[in-house]
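Engineer: One-letter residues, chain by chain:
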Amino acid sequence: MDTSTRAFVFAEPAPAVNDRRWGALRRAARARLAPFGAAVLLAAIVVALAAPLLSPYDPLAQDLGNVLARPGRVHWLGTDNVGRDVLSRVIWGTRVSLVAGFVSVAIAAAAGGVLGMLAGYAGGRADGVVMRLMDAVLSLPPLVLALALGAVLGAGLTGVLLALGVVYTPAFARLMRGQVLSVKTRDYVEAARALGASGWWIARRHVLPNAATPIVVQASLSVAFAILAEASLSFLGLGIQPPAASWGSMINAGRGYLQQAPWIVFGPGAALFVTVVALNFVGDAIRDGLDPRLRG
Amino acid sequence: MAEVVLRRLLATVPVLLLVTAGVFALLHLTPGDPVDAMMAESADASTKESLRRELGLDRPIAVQYAAWMGRLLRGDLGRSIRNGEPVLENVSRRIRPSLQLALLAMAIALTIAFPVAIASAVRHNTGVDRLGTTFALFGICMPNFLLALLLIFVFGVTLRWLPISGYLDPLEEGWSGLRSLILPAVTLGLALAAVITRTLRSSLLEALAEDYVRTARAKGLSEWVVIRGHVLKNALIPVVTVLGLQLGTLIGGAVITEYVFALPGVGRLVVDAVFARDYPLVQGVILLIALGFIVSNLLVDLLYGYIDPRIRLR
Chain B
1 MDTSTRAFVF AEPAPAVNDR RWGALRRAAR ARLAPFGAAV LLAAIVVALA APLLSPYDPL
61 AQDLGNVLAR PGRVHWLGTD NVGRDVLSRV IWGTRVSLVA GFVSVAIAAA AGGVLGMLAG
121 YAGGRADGVV MRLMDAVLSL PPLVLALALG AVLGAGLTGV LLALGVVYTP AFARLMRGQV
181 LSVKTRDYVE AARALGASGW WIARRHVLPN AATPIVVQAS LSVAFAILAE ASLSFLGLGI
241 QPPAASWGSM INAGRGYLQQ APWIVFGPGA ALFVTVVALN FVGDAIRDGL DPRLRG
Chain L
1 MAEVVLRRLL ATVPVLLLVT AGVFALLHLT PGDPVDAMMA ESADASTKES LRRELGLDRP
61 IAVQYAAWMG RLLRGDLGRS IRNGEPVLEN VSRRIRPSLQ LALLAMAIAL TIAFPVAIAS
121 AVRHNTGVDR LGTTFALFGI CMPNFLLALL LIFVFGVTLR WLPISGYLDP LEEGWSGLRS
181 LILPAVTLGL ALAAVITRTL RSSLLEALAE DYVRTARAKG LSEWVVIRGH VLKNALIPVV
241 TVLGLQLGTL IGGAVITEYV FALPGVGRLV VDAVFARDYP LVQGVILLIA LGFIVSNLLV
301 DLLYGYIDPR IRLR
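Same order as they appear, the protein sequences are chains B and L.
Okay, so the first sequence: first residue is 1 according to our numbering, each after it adds one.
Okay, so the second sequence: first residue is 1 according to our numbering, each after it adds one.
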């Protein structure tokens with residue numbers, strides 16, 4: 001039996017992708033808190049996209065005759081120390097938080113995916129260098145590393161996105177490397193190689209689909225933490241700069257008025273907390289739906 | 001055992017080298033001239049030139065790295081630009097509040113997490129369990145700075161029971177010193193308690209389903225003896241793992257907590273140095289934090305062998 005025939009004999013049948021996807025969706029929907037999480041997340045995405053339409057006031061417009069106004073019919077969440085409408089700023093802040101969460105995790109997934117694939121495929125010295133580099137990133141506390149990188153890259157959303165992207169890269173690199181190591185010894189990969197498939201084709205056709213599930217699970221669980229991290233950096237003054245609104249910077253600006261106007265802090269605080277809780281529910285449901293073995 | 005320690009120590013050498021390279025690169029990643037970034041625009045050219053020379057920025061980058069590593073190996077982490085003092089002196093002055101905060105937070109976390117997790121696991125799927133898991137979820141999703149402000153609002157501003165900022169050393173000032181650390185330690189401790197509760201609860205549930213637990217119960221042992229003698233020790237390994245993994249979060253949380261409560265600790269030092277663009281101080285403190293983090297993780301690894309002899313024998 002020549003190599004190609006043997007490879008065909010042992011090649012595993014392609015899984016029924018559609019059945020698997022529907023099964024995953026059904027399992028995810030069955031999780032009790034997932035619908036609540038999904039509804040909140042959907043609402044947050046709509047708010048972020050439609051911020052100019054939904055925001056009752058200009059988030060930057062100051063009204064010095066109406067500072068620290070209590071929540072009421074005119075200003076649902078009150079006004080801040082320079083008379084800006086807190087609700088409008090919370091609505092615009094949703095955009096910053098969601099962009100920070102999703103984009104930084106996307107950067108990490110892309111960078112980690114490429115590095116993990118390189119390490120897993122190349123093996124040897126390249127594997128050693130990449131993985132030690134990832135260990136070095138992991139040997140710094142995430143917030144401290146993000147703070148240092150943010151300081152170097154400069155305050156602003158781009159710096160924060162890149163800093164958080166670097167912080168979350170090792171988790172994805174390790175996952176991808178593990179998947180590559182496990183997939184590259186399978187018979188169907190050997191078959192593809194025997195048939196003359198290029199490394200890139202094998203990576204795209206066999207490794208990526210197999211690695212997609214753990215990567216999606218890791219990404220869905222990371223977004224909530226990325227949003228918290230962005231809020232923390234903004235709170236410290238490294239995120240998007242005033243007067244633009246982000247939940248973290250609003251909370252920091254309001255802490256001096258905690259006694260007279262707690263709503264300045266608790267409006268964005270509630271938005272942040274509810275979004276993170278919702279993302280956790282959605283992340284858990286995606287994990288349970290896609291890979292029940294990982295259930296905690 | 002000595003061989004395991006040696007092997008782990010050797011494995012940290014390349015990681016440490018890469019960390020030093022990364023920390024060194026921090027200064028050079030700064031867009032534009034780092035000296036311009038560090039000094040005010042008004043500073044005259046000769047002052048800037050002397051700082052450039054002092055930092056060695058006028059030499060080739062490889063030479064700069066070699067010289068910097070040479071100084072590091074002699075224990076010289078550089079000097080702060082702001083106060084001109086060595087980095088080590090800056091850190092040693094700030095380390096005491098940070099350690100006190102971390103220890104108190106850890107004590108609070110363990111005091112809350114163990115009873116809550118045990119109650120949750122023993123009364124699995126009841127109201128008690130739901131209360132425990134809700135607490136864990138709350139603690140994990142609540143950002144440190146928001147919890148800190150909530151606690152300040154309730155216990156500092158509204159009830160006026162506890163001070164909302166500042167620091168007095170408990171070892172010198174006694175009770176009033178301890179009072180100044182209660183709110184920061186609760187802020188930091190609750191988040192950690194939530195993570196430990198979640199992990200301990202699920203590992204306790206796993207251990208409770210084991211055959212040896214059924215045997216212990218069949219022998220007529222009381223539930224408490226079963227939990228303490230058989231279940232708890234077996235459920236500890238994941239908790240130690242999580243504690244090791246959470247050290248980074250604890251340090252990050254300490255940075256925020258010290259910032260909110262104006263505690264003069266190492267976390268606050270990092271934030272101040274970052275905003276003052278005092279890069280030698282940022283480099284030195286981050287290197288020390290990384291070193292502390294690596295050593296703590298090493299200790300956690302070695303603790304496994306102590307808790308579970310099966311790991312030691314492997």
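Treat each hint with caution, since some may be false.
If you want the footprint, here are the derived chain B segments under chain L, 3+ residues with CB under 8 Å [stated by the list, open to error]:
1) 88 to 98
2) 128 to 142
3) 232 to 238
4) 276 to 289
If you're looking for bench data, these hints aren't it; they were derived computationally from the structure.
Keep in mind that this is a model prediction, so the values were computed, not measured.
Beta carbons: idealized from backbone N, C-alpha and C, even for Gly.
Engineer: Hint by hint, note whether the structure agrees.
Structural biologist: Going through the hints against the structure:
1. 88 to 98: The restraint on the region 88 to 98 of chain B is violated, since only 0 of its residues have a Cβ under 8 Å from chain L and three are required.
2. 128 to 142: Holds, because 9 residues of the region 128 to 142 of chain B bring their Cβ atoms closer than 8 Å to Cβ atoms of chain L.
3. 232 to 238: holds (count 5)
4. 276 to 289: Holds: 3 residues of the region 276 to 289 of chain B have a Cβ under 8 Å from chain L.
Consistency with the previously given hints fails for number 1 only.
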